[in-house]
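Novice: Below, each chain spelled out in residue letters.
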Amino acid sequence: MALTSEKVTIPVEKLKWMYETMVKSRYFEDTMVEAYNEGKQPVFNIGAGPVPGEMHLSTGQEPAAVGICAHLQKEDTVTSPHRPHHHAIAKGVDLKRMTAEMFGKVTGLGKGKGGHMHLFDPDVKFSCGGIIAAGIPHAVGAALAAKKKGKDWVAVTFVGEGAANAGGFHESLNLAAVWKLPLIVVVEDNAYGISVSKRDSTAVESNDKRAAAYGIAGAYVANNDPLEMYRVSEEAVKRARSGAGPTIIEIETHRHLGHFQGDPELYRDMEEVPGLRKLDPIMKLRELMIVEGIATEEEIESLETTAKKEVDEAYAFARESEYPKPEEALEDVFSK
Amino acid sequence: MALTSEKVTIPVEKLKWMYETMVKSRYFEDTMVEAYNEGKQPVFNIGAGPVPGEMHLSTGQEPAAVGICAHLQKEDTVTSPHRPHHHAIAKGVDLKRMTAEMFGKVTGLGKGKGGHMHLFDPDVKFSCGGIIAAGIPHAVGAALAAKKKGKDWVAVTFVGEGAANAGGFHESLNLAAVWKLPLIVVVEDNAYGISVSKRDSTAVESNDKRAAAYGIAGAYVANNDPLEMYRVSEEAVKRARSGAGPTIIEIETHRHLGHFQGDPELYRDMEEVPGLRKLDPIMKLRELMIVEGIATEEEIESLETTAKKEVDEAYAFARESEYPKPEEALEDVFSK
Amino acid sequence: MEAVKKRMLTGNKAMAEAIDLEMERDPNVFVLGEDVGKYGGIFGSTQGLFEKFGGDRVMDTPISETAFIGAAIGAAAEGLRPITELMFVDFFGVCMDQIYNHMAKIQYMSGGNVKLPMVLMTAVGGGYNDAAQHSQTLYATFAHLPGMKVVAPSTPHDLKGMMISAIRDDNPVVFMFHKTLQGLGWMDQLDASVSHVPEEAYTVPLDKANVVREGRDVTIVGLQMTMHYALEAAEKLAREGIEAEVIDLRSLAPIDKETILESVRKTHRLIVADEDYLSYGVTAEISAIVAEEALYDLEAPVKRIAIPDVPIPYSRPLEQFVLPNADKIYREAIKLVNEE
Amino acid sequence: MEAVKKRMLTGNKAMAEAIDLEMERDPNVFVLGEDVGKYGGIFGSTQGLFEKFGGDRVMDTPISETAFIGAAIGAAAEGLRPITELMFVDFFGVCMDQIYNHMAKIQYMSGGNVKLPMVLMTAVGGGYNDAAQHSQTLYATFAHLPGMKVVAPSTPHDLKGMMISAIRDDNPVVFMFHKTLQGLGWMDQLDASVSHVPEEAYTVPLDKANVVREGRDVTIVGLQMTMHYALEAAEKLAREGIEAEVIDLRSLAPIDKETILESVRKTHRLIVADEDYLSYGVTAEISAIVAEEALYDLEAPVKRIAIPDVPIPYSRPLEQFVLPNADKIYREAIKLVNEE
Ligand SMILES: Cc1ncc(C[n+]2csc(CCOP(=O)(O)OP(=O)(O)O)c2C)c(N)n1
Ligand SMILES: Cc1ncc(C[n+]2csc(CCOP(=O)(O)OP(=O)(O)O)c2C)c(N)n1
Ligand SMILES: [Mg+2]
Ligand SMILES: [Mg+2]
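Line by line, the protein sequences give chains Z, X, U and E.
Sequential numbering of the first sequence, starting at 1, is according to the UniProt record's numbering.
Sequential numbering of the second sequence, starting at 1, is according to the UniProt record's numbering.
Sequential numbering of the third sequence, starting at 1, is according to the UniProt record's numbering.
Sequential numbering of the fourth sequence, starting at 1, is according to the UniProt record's numbering.
Because the hints were derived from the structure by calculation, they are not lab data.
None of these values were measured; they are calculated from a predicted model.
Honestly, I wouldn't trust all of these hints.
Taking CB as the label site, the calculated pair distances span [said to hold, decoys possible]:
hint: 1; chain 1: Z; residue 1: 150; chain 2: X; residue 2: 271; range: 36 to 44 Å
hint: 2; chain 1: Z; residue 1: 292; chain 2: E; residue 2: 24; range: 27 to 35 Å
hint: 3; chain 1: X; residue 1: 270; chain 2: E; residue 2: 236; range: 47 to 55 Å
hint: 4; chain 1: U; residue 1: 241; chain 2: E; residue 2: 299; range: 29 to 37 Å
hint: 5; chain 1: U; residue 1: 55; chain 2: Z; residue 2: 9; range: 42 to 50 Å
hint: 6; chain 1: X; residue 1: 34; chain 2: E; residue 2: 236; range: 53 to 61 Å
hint: 7; chain 1: X; residue 1: 43; chain 2: Z; residue 2: 151; range: 46 to 54 Å
hint: 8; chain 1: U; residue 1: 191; chain 2: X; residue 2: 148; range: 36 to 44 Å
hint: 9; chain 1: E; residue 1: 328; chain 2: X; residue 2: 43; range: 48 to 56 Å
hint: 10; chain 1: Z; residue 1: 222; chain 2: X; residue 2: 238; range: 33 to 41 Å
hint: 11; chain 1: E; residue 1: 299; chain 2: X; residue 2: 42; range: 46 to 54 Å
Here are the simulated DSSO-like cross-link-like pairs (lysine-lysine), alpha carbons at most 30 Å apart as the crow flies [as the list claims (entries may be wrong)]:
hint: 12; chain 1: Z; residue 1: 209; chain 2: X; residue 2: 238
hint: 13; chain 1: E; residue 1: 236; chain 2: E; residue 2: 266
hint: 14; chain 1: Z; residue 1: 147; chain 2: E; residue 2: 266
hint: 15; chain 1: X; residue 1: 278; chain 2: E; residue 2: 115
hint: 16; chain 1: Z; residue 1: 180; chain 2: E; residue 2: 115
hint: 17; chain 1: Z; residue 1: 151; chain 2: Z; residue 2: 14
hint: 18; chain 1: Z; residue 1: 147; chain 2: E; residue 2: 38
hint: 19; chain 1: X; residue 1: 325; chain 2: U; residue 2: 38
Some chain Z residues near chain X, calculated using beta-carbon distances under 10 Å [stated by the list, open to error]:
hint: 20; residue: 71
hint: 21; residue: 74
hint: 22; residue: 107
hint: 23; residue: 165
hint: 24; residue: 168
hint: 25; residue: 171
hint: 26; residue: 173
hint: 27; residue: 176
hint: 28; residue: 199
hint: 29; residue: 205
hint: 30; residue: 209
hint: 31; residue: 215
hint: 32; residue: 217
We treat Cβ as the ideally placed atom computed from N, Cα and C, and that holds for glycine.
Chain Z with its partners taken away, still in its complex shape (with noise of 0.2 Å):
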């Protein structure tokens, strides 16, 4: 069974595990914003409570990830930037150790030593980090072992519009196209780089747009769209495992909240969000799958208490789970 129109055919299970991986990713978020914030009320302050430090959550733009990840498999990699939680989730990241290492206890990805930035889950092979940009290259590593290896998997690498300026999505976007690569860079463009516009940062409409200067393809998204995403993304991942080179995908979304938690937002509008929250990607999908039939108000409901017991199991976890002891500190610089 599948949904098809026009241009994209999706397998119905395809589409309900999008629609309950956004849905877990969502609250994942919407949980966190609760966990983040206890410890700094009434005073606001980075480094108290249960997960200190930044913290940069990605409400509004599970269709990229989800789009994408649908056509992943294990050993397929995945690198994603200082806003990572739905990449992580869509790619099949413990979420236990992951939460774990966002609370900063040792049974963490990192035994409490990454933090929320900085997630690695080689059995899943993703990986984030906190410098813009920095990622891509790492995804063109993986991208060059698996064809030395002989293999069909792919690389794929987010990153934001804002890191589409940074010279190393120049350089690894050409590196990968002399070389071949199954690469895909998905450029989720969510309108800001922290507070910088995309008018203000980038002289070029869209990123696909760029594919040009490395002779390779470029797709565009718009409307923060899961279907299309899921769409220009089959093709993408197709050309990649069969050795025809990298792409660029672009896709429009949305970031519901600011930068990161605790940005006051000042530059911009205050109608902005509440318009976005109109448009929320989820809420689209819940309804498209009533309207065409695809699952029952039930078989939703169903789908989204399995994935919300899931990030409550993993919430949970984190709680429970002990810190790492002081001294641990020092170890794990090298390996033995």
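With the hints as your guide, set chains X, U and E with the ligands onto chain Z.
Specialist: Relative to chain Z, chains X, U and E with the ligands alone:
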């Protein structure tokens, strides 16, 4: 009086200046080959002789420099990379002090501190440096300064085709395009970055195509043609002066010598260089000027004599000048 | 009048005020960097300037540190006086070539013929669980490389005075400000992040350490957070009859050897406390200066307190373990003074 | 057989042989960098490898250090063992983010779950008039930042043995080789750039300094060129009855404290000679270690010889003035031994 073809009109005085400047540049390099080899025979030692260190010569690449510098005035800025002599000469850098710098003399542009890759002549706003692509943002800054000062000055930056794959190229062009600055990037495609061919390094056929990534103008000059370089530069400079933003120009040019002096050049065909020398742009322009009746043989010889005399005087000046005192090494780190 | 003179400011407002005054005084001064405009700088260093001077003089940039720091260099070479911000010092690796191969060397390579009157300001420091890529100070990384002045003021008063000096200096100055000492509303509120700051423009030299507490028993050199920790430790030590002399280093390059040596010649004991990595760091340089120039004055081995050569971990107990603090300084001082 | 055992090799051939042997042994090992292919590496570090292993395992790259060093990181995370070359260490500024925020930190940030078995090799050093952007060693710049092993072998023998160790190590290793010690045909021909190198694969540890000359009167620590200068100085000193102990540091991080401390405990005098910048450099770290851990053993102030905090000038008399040499070491040793 002017040379007029279908595409281009070049005043005779400009044409003569271009010819004379190319001759001067070529003769400067020919003389440098000799000077550089002194003390390095029979055993080559890069650190020996009156001109030690790396030496990157521009023989064959003169059209790029004269075609655009013909449109520049003293207040326009030029930044250049590790292969800077032709640009410096075309921009009107003080030839005596430039040569003295290469001989490490206290009369040099940098009192002997800089050497051939680090020539700074603020009087004509010329600078260069040894790090690939690093001069591009300096030109962006000069262009920004011109705009801030309300002047119609432009900034030209020369790079090799290899440099167009460096991150700084992308960042600088995007920034200049967003700010609509009077910047012109001239990419000299001499087919190699040291030993690495353009095909192995560059995902796009020619770098003017990359203009699409910044929504700016691009132009391509084939066959190392100084007249066509003159033409597209005229447009680019006009565009820049009128506030219409940056241009990328790529010119196909030829490196007659090794990457640096002493390069064994094992990576290129033995036949390649003799072939290139047959296409010598200086010989071609000389013939054209005679055929078109722009100058007589005698007039041309007199231009050549003038050019060579200036070079000979510069070398004499350099050789006769004093070395800096050793302890002057400690000066000029900071200005007071 | 009295009230005006005792005016208290946070670190970030002191910095912004310095820039404001200099921008008013000199039309060649301008600011460029990420989020320096409407946002006012992530750490408030340009707060209010965009509103006052507009987008032509307070310029938001793309995320292109190589391009905009390089552009600042190019603009400075043309006689402008740019102030550019590298948001976190931790990001230096994407643009260090512009900083140290060009900004720091062009004056020298040009034999003094090109001047680069510019300021590179950047936020340093950890302690709020921002993990390995957003918590470093990298003091020594910058101070090791010749050709730039490198300063790290510790108080609002010095942030303002040294920023004005930096802007007026004809040389490139790396101006490191500590996030936690900015007095931002969303960070830990420290007393040290607020101090009296005169309203008018004034300068504080870029090459002088400051003896912030006199003492006879042990010299403690620190900077930014470790200077404040040293003061805290000194008070506790005083209660036990130990008088520590505390030096605020302030300037990393050039380093004010004389003030340090003079102090050690008096106290005969030295502790250096630093929020940078231990090896090849600030503690090394200061210890070496003393071992080379005042060895016979030392009555005990020097003691170095710094981050023990690990990346900065995220989790609170781990980060607290590796960071210096007042208690670590206090304990080492006690040991050192009791050393035979 | 005898002849084979006494086989002499230049530095670059020793390095290339190490890589060759490891590439034969382990199909996961490959090389990527600028001009490492047909050219064989600008400083000969990959000479002959392209011909033997082809372009798939000896990969020329565009001038995109961030991309290809980052790609090496990504490939290492997938279990390959890349060797990547940064042509001159002076270019670190265009790619340092990949090196120190990622290569050096990923193992730690992942709690040890990701390993990065990779080698970053890079050419260092001056003395042949290549000026400010092509002559640095930057030893301390790398050694200051935790998470990478940083080595700088001084002989062909160690270049081979330490390269093999580096390739086999599961951690990122920064492998600095000195241009002048490569024994290249187009450089100054130094005896020190040729030595006996066994044919077979062998390892030299990445964390041990080497006492290359024993002595009782003064310890001289150097590395690469300064180690050879120290040996030269020691011979001259011996003619005057002064016996210098010379230590080849070899490894900058981790640093072999014990070998240094043991020597100073015996000689009671320390000179550190370094081709990096003076302040916050190698001379600082070693002096500080001794001032902290062997202060009472010192009978004279430590003496630091390094580049006096200026960019490296082009002109020969200027460059020679700022570089360390045997004579400078000799003179300081004489002074130090005569010090009361
Ligand atoms: C090299 C570098 N420069 C600057 C930053 C600071 N910074 C963190 S996130 C961010 C904005 C990123 O914008 P974008 O790429 O659009 O991603 P988004 O936050 O919108 O998801 C900036 C400038 C950084 N982390 N790394
Ligand atoms: C950042 C950086 N990487 C590498 C080098 C070494 N290098 C010097 S010249 C050169 C080749 C440059 O090629 P291209 O830009 O085409 O200029 P050309 O030499 O052909 O004029 C390289 C790789 C450098 N100087 N800077
Ligand atoms: Mg964005
Ligand atoms: Mg070229």
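Novice: Does each hint hold? Answer for all of them.
Specialist: Status of the hints after comparison with the structure:
1. Distance hint for residue 150(Z) and residue 271(X): a CB-CB separation of about 37 Å, consistent with the stated range 36 to 44 Å.
2. Here the CB-CB span from residue 292(Z) to residue 24(E) is close to 59 Å, at odds with the stated 27 to 35 Å.
3. For the pair residue 270(X) and residue 236(E), the beta carbons lie near 49 Å from each other, so the given range of 47 to 55 Å is met.
4. Residue 241(U) and residue 299(E) have their C-beta atoms about 33 Å apart, which keeps the hinted 29 to 37 Å range intact.
5. In this structure, residue 55(U) and residue 9(Z) meet the distance hint of 42 to 50 Å, their C-beta atoms being roughly 48 Å apart.
6. In this structure the hint that residue 34(X) and residue 236(E) lie 53 to 61 Å apart at CB is violated, the actual value being about 39 Å.
7. Separated by about 51 Å at the C-beta atoms, residue 43(X) and residue 151(Z) satisfy the suggested range of 46 to 54 Å.
8. Roughly 41 Å separates the CB atoms of residue 191(U) and residue 148(X), a value that falls within the hinted 36 to 44 Å.
9. Evaluation of the 48 to 56 Å hint for residue 328(E) and residue 43(X) yields a failure: the beta carbon distance comes to about 27 Å.
10. One distance hint, 33 to 41 Å for the beta-carbon pair residue 222(Z) and residue 238(X), holds here, with the actual separation near 37 Å.
11. Restraint check, residue 299(E) to residue 42(X): a C-beta distance of roughly 51 Å satisfies the suggested window 46 to 54 Å.
12. About 26 Å separates the Cα atoms of residue 209(Z) and residue 238(X), which keeps this hinted pair within 30 Å; it holds.
13. Distance restraint check for residue 236(E) and residue 266(E): the Cα-Cα separation of roughly 21 Å lies within the 30 Å cut-off, and the hinted pair is therefore satisfied.
14. Restraint check: the Cα-Cα separation between residue 147(Z) and residue 266(E) comes to about 56 Å, which exceeds 30 Å; the hinted pair is violated.
15. With a C-alpha separation of about 54 Å, the suggested pair residue 278(X) and residue 115(E) falls outside the 30 Å cut-off, and the hint is violated.
16. Simply put, residue 180(Z) and residue 115(E) have alpha-carbon atoms about 26 Å apart, close enough for the 30 Å limit, and the pair holds.
17. Between residue 151(Z) and residue 14(Z) the alpha-carbon distance is near 24 Å, which keeps this suggested pair within the 30 Å criterion.
18. Distance hint between residue 147(Z) and residue 38(E) is fulfilled; the C-alpha atoms sit about 22 Å from each other, no more than 30 Å.
19. Our distance criterion of 30 Å between C-alpha atoms is broken by residue 325(X) and residue 38(U), whose separation comes to about 52 Å.
20. Because the smallest distance between the Cβ of residue 71(Z) and any Cβ of chain X comes to about 24 Å, over 10 Å, the interface hint for this residue is violated.
21. Of the supplied interface hints, the one on residue 74(Z) is violated, with its beta-carbon coming no nearer than about 30 Å to a beta-carbon of chain X, more than 10 Å.
22. At a threshold of 10 Å, the smallest CB-CB gap from residue 107(Z) to chain X is about 38 Å, leaving the interface hint violated.
23. Given hint, residue 165(Z) at the interface with chain X, holds; its Cβ is 5 Å from that chain's nearest Cβ, closer than 10 Å.
24. For residue 168(Z), the interface hint holds, since its Cβ comes within 10 Å of a Cβ in chain X; the closest pair sits about 6 Å apart.
25. Because the beta carbon of residue 171(Z) sits about 5 Å from the nearest beta carbon in chain X, less than 10 Å, this interface hint is met.
26. Look at residue 173(Z): its Cβ gets to within about 7 Å of chain X, closer than 10 Å, so that hint holds up.
27. Interface restraint check for residue 176(Z): the shortest CB-CB distance to chain X comes to about 8 Å, inside 10 Å, so the restraint holds.
28. Annotation: residue 199(Z) was flagged as interfacial toward chain X, and the flag holds, the nearest CB pair being 8 Å apart, inside 10 Å.
29. About 8 Å separates the beta-carbon of residue 205(Z) from the nearest beta-carbon of chain X, less than 10 Å, and the hint is met.
30. For residue 209(Z), the interface hint holds, the least distance from its beta-carbon to any beta-carbon of chain X being 6 Å, beneath 10 Å.
31. The criterion of a C-beta within 10 Å of any C-beta in chain X is met by residue 215(Z), whose closest approach is roughly 5 Å, and the hint holds.
32. For residue 217(Z), the shortest C-beta to C-beta distance to chain X is roughly 12 Å, which exceeds 10 Å, and the interface hint is violated.
Against the hints set out earlier in the document, violations occur for numbers 2, 6, 9, 14, 15, 19, 20, 21, 22, 32.
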